[in-house]
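Residue numbers (my numbering), protein chains in the order written: chain A, 3 to 162; chain B, 4 to 168; chain C, 177 to 557.
Treat the hints with care, as some may be off.
Unchecked claim - List time: in silico SDA-like cross-link candidates among lysine to any residue, alpha-carbon distance up to 20 Å:
hint, chain 1, residue 1, chain 2, residue 2
1, B, K53, C, N508
2, B, K159, C, G488
3, B, K92, C, Y514
4, B, K53, C, S400
5, B, K92, C, N508
6, B, K84, C, G509
7, B, K92, B, Q142
8, B, K149, C, I401
9, B, K149, C, G509
10, A, K117, B, P155
11, B, K149, C, E512
12, B, K53, C, K423
13, A, K117, B, R156
14, A, K94, A, G131
15, B, K159, A, W110
16, A, K117, B, K53
17, C, K484, B, W161
18, B, K84, C, K423
19, B, K149, C, G488
20, A, K117, B, A128
Stated by the list, open to error - Simulated restraints, written as ranges between beta carbons of each label pair:
hint, chain 1, residue 1, chain 2, residue 2, range
21, B, G129, C, E334, 46 to 54 Å
22, C, E227, B, D25, 22 to 30 Å
23, A, E92, B, P69, 52 to 60 Å
For the record, the hints were derived by calculation from the structure and aren't laboratory data. Note that CB positions come from ideal geometry on N, CA and C, so glycine has one too.
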Amino acid sequence: MALLDQVELPKPLKFTLNWGRKYSLWTLQFGLACCAIEMAASMMPRHDIMRFGVIPFPASPRQADVMIVAGTCVDKMIPSIIRVWEQMPEPKYAISFGSCSNSGGPYWDSYSVAKGIDQYLPIDVYVPGCPPRPEALLDGIMKLQEKIQGESLKERLSAS
Amino acid sequence: MPLESATLDSVSEDLRAALGDDILEVTENWGHLIVRVPPERRPEALAVLKAIGFDFYSFGCGVDWPDEDVLEVLDNVFSTKRMARVTVKCRVPRSTPRVPTATGVYGGADWHERETWELFGIVFAGHPRLRRLLLADWQEGFPMRKDEVLRPRVEKPWPGEFFEA
Amino acid sequence: MTTVETKGYFTATTERDISTGDMVLNIGPQHPSTHGVLRVVVRLDGERVVEAEPVLGYMHRAFEKLAEQRSPLQNTALFNRLDWISGFCNEVPYCIACEKLAGIEVPKRAQVQRVILLELTRLASHSLFCGVFGLELGALTAPMYGYRDREYALDLLEMVTGQRMHTNWSRIGGVKDDFPEGFYERVPAILEYYRTRVEQWLGFLIDNDVFVDRTRGIGVLPPSIALEYGVSGPNLRASGVSMDVRKEEDYLGYADYDFEVPVGEYGDCFDRYVQRVREMWESCNIVEQALDDLEPGPVNTGTGRLFKVPPGEIYIRSEGPRGEMGYYLISNGGREPYRLKIRTGSFSNISVLPYLLRGIYVPDIVAILGSLDFVVGDVDR
């Protein structure tokens, strides 16, 4: 696995590895505010994110693949978010869930809110809404899975 | 059940008996009393209220009146026995806002005074540990004062501003 | 030289003194059990807490400053996000404050609709509490039940308002629109479901010895301390003080409905849990009576978007699922409020944490935090 970021894999191997990675995502939920409730609702019986292969609760950031930043990113909280992001091992993805973490949301003029978490982290998928429905998160996970299927790890890891 | 004015009359009588001439004004507003006192008598006024049955400390906050160059401190207390509500107000000049603390009277005033200090700059003399509660360490100024503007609105005004009557 | 005896088997002596020191443990801000981003810094002497201090501000979005820049319609949309689990309960007292200052009489049908939506939101919020409280004590299937129950009330809310959580439905002068067709047929079945769930919640966790051991006698809140710190809502009623805004003030016509206000006995975590489950039962009663109380009529007086609130100041409070939710509105005649102080239940509920967390064991910290049922958006505003 150590050569993955230096060698472009042959297509069948790349397909299989990406297929395995996209259907075994372990998401770290960074549930900050109201969007955390809808994110948790997507993991509960009615919306059931586990049928997508996404297991909700990793024991620590070091075991997680995806970080879902759900809720308002207040300036005081940003160092914690960045520290947790840095603890995650590559390849890692980030989903920005809700309009507060997309762009500041309804608090765009507040003196203590960061206008979007993408100023601090590289975000792969943006899920709009205030709060987005749990089905929207499932759609976001599916888009992330399409992105993972089509990506080459060499490009991703060498670019970062 | 609505608050009765007989209850409020008895409350204002008790206050006048205890504090005398220090009470600047007592008005009735939407069913509750507003009592204005000089800032140095704030703890005594709250202690009198607590002694006559106002056991519930609802909240404390500040108001900025830049036109009159004062900052105002509000305390809102409620009596579960008498079903009455009193707001104690006191005004301090904006240049030296200093008010004695009420934490000796109501324990709940602790956090409300910390919040009022960090948002308005009103110093509560005698508070056990007056330090930041809600704001980050690097936040400058006193955000809730009227002269502090929201920077994003200055840089890009809200597009709906043109829609005025 | 220190001598250490171990049960009389042997004695060991050491050459230097063994001394222990207090350990500072930082819980949060990102922690599964802190209901959001609350940080609690505790100083531990072994397993016992010597001192605890909550550190707030990780969700401070400056609602009071934002409210001064927004019209009433925008404020109504904004205040849903205070106590985000029960969105509708936060808009109503602000609308009542503006209506009272302007002397607007709300039509009866709008009052009843507000009551119905309020109580449905309360059902959703308390279901979530029951589930999440079980999760914090280690019952990992409890939140599955809690969220499943919550979905039924959210279905009804979505049917009426179009939104699950932040309903943005209350307006100055009433509510936005009338109930849709098919709403009245769905409600009785869902109320029946919640009634059976109340019985199940009472049996599900209360018959469990582990649950009782972890919550009985833990986090006892005496009524005098609770009142002095401004604790309200189910937390205060579990300590024995019967204080409920719905019974005390002439507010939304609650005086027409026949419901009880349950009161607890000891004020420990167990009582706070049972208190909320009993309140769910009462909420079902209120919704049933309110549905019979609906008369045909308008649901809004039609105040427009350019509505200016007349000058004055007023304090209006309401009974939210977390406690007393009040707005002290100072208006100078403009569209935006001059000063709006938002008095939230969770802020005062947490201010007793330094008192409650003193002298307890570390696992009880989570039990107490969970039983207070606070929301960090309510605390930090």
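To see whether the hints hold, each was checked on the structure:
The hinted pair formed by B:K53 and C:N508 fails the criterion: a straight-line CA distance of about 31 Å is larger than 20 Å. Annotation: proposed proximity of B:K159 to C:G488 is violated, straight-line Cα distance about 32 Å (limit 20 Å). Proximity of B:K92 to C:Y514 is assessed by CA-CA distance (about 17 Å); at most 20 Å being required, the pair is judged to hold. For the hint pairing B:K53 with C:S400, the CA-to-CA distance comes to about 12 Å; that is within 20 Å, so the pair holds.
Of the supplied pair hints, the one linking B:K92 and C:N508 holds, its CA atoms being roughly 18 Å apart against a limit of 20 Å. About 35 Å separates the Cα atoms of B:K84 and C:G509, which puts this hinted pair outside 20 Å; it is violated. A C-alpha spacing of about 28 Å is found between B:K92 and B:Q142, which places the hinted pair above 20 Å, so the restraint is violated. Between B:K149 and C:I401 the CA atoms are separated by roughly 35 Å; this puts the pair beyond 20 Å, and the hint is violated.
Only pairs whose Cα atoms come within 20 Å are accepted, and B:K149 paired with C:G509 is accepted, the gap being roughly 17 Å. Note on A:K117 and B:P155: the hinted pairing holds, with a Cα-Cα distance of about 10 Å set against a maximum of 20 Å. The suggested pairing of B:K149 with C:E512 holds, with an alpha-carbon distance near 14 Å, which does not exceed 20 Å. Proposed proximity of B:K53 and C:K423 is contradicted: the alpha carbons are some 23 Å apart, above 20 Å.
Straight-line distance between C-alpha atoms of A:K117 and B:R156 comes to about 13 Å, which keeps the hinted pair within the 20 Å bound. Annotation: proposed proximity of A:K94 to A:G131 is violated, straight-line Cα distance about 24 Å (limit 20 Å). For the given pair, B:K159 sits about 11 Å from A:W110 by alpha-carbon distance, which is consistent with the 20 Å threshold. Between A:K117 and B:K53, the direct Cα distance comes to roughly 45 Å. Violation of the 20 Å bound is thereby established for this hinted pair.
Taken as a hint, the C:K484 and B:W161 pair is honoured in the structure, with Cα atoms around 19 Å apart against an allowance of 20 Å. A distance of roughly 14 Å separates the Cα atoms of B:K84 and C:K423; the hinted pair therefore holds under the 20 Å criterion. Proposed proximity of B:K149 and C:G488 is supported: the alpha carbons are some 19 Å apart, at most 20 Å. At most 20 Å may separate the alpha-carbon atoms for a hinted pair to count; A:K117 and B:A128 exceed this at roughly 37 Å.
Here the CB-CB span from B:G129 to C:E334 is close to 51 Å, well matched to the stated 46 to 54 Å. With their beta carbons about 38 Å apart, C:E227 and B:D25 fall outside the hinted range of 22 to 30 Å. A beta carbon spacing of about 53 Å between A:E92 and B:P69 agrees with the range 52 to 60 Å that was offered as a hint.
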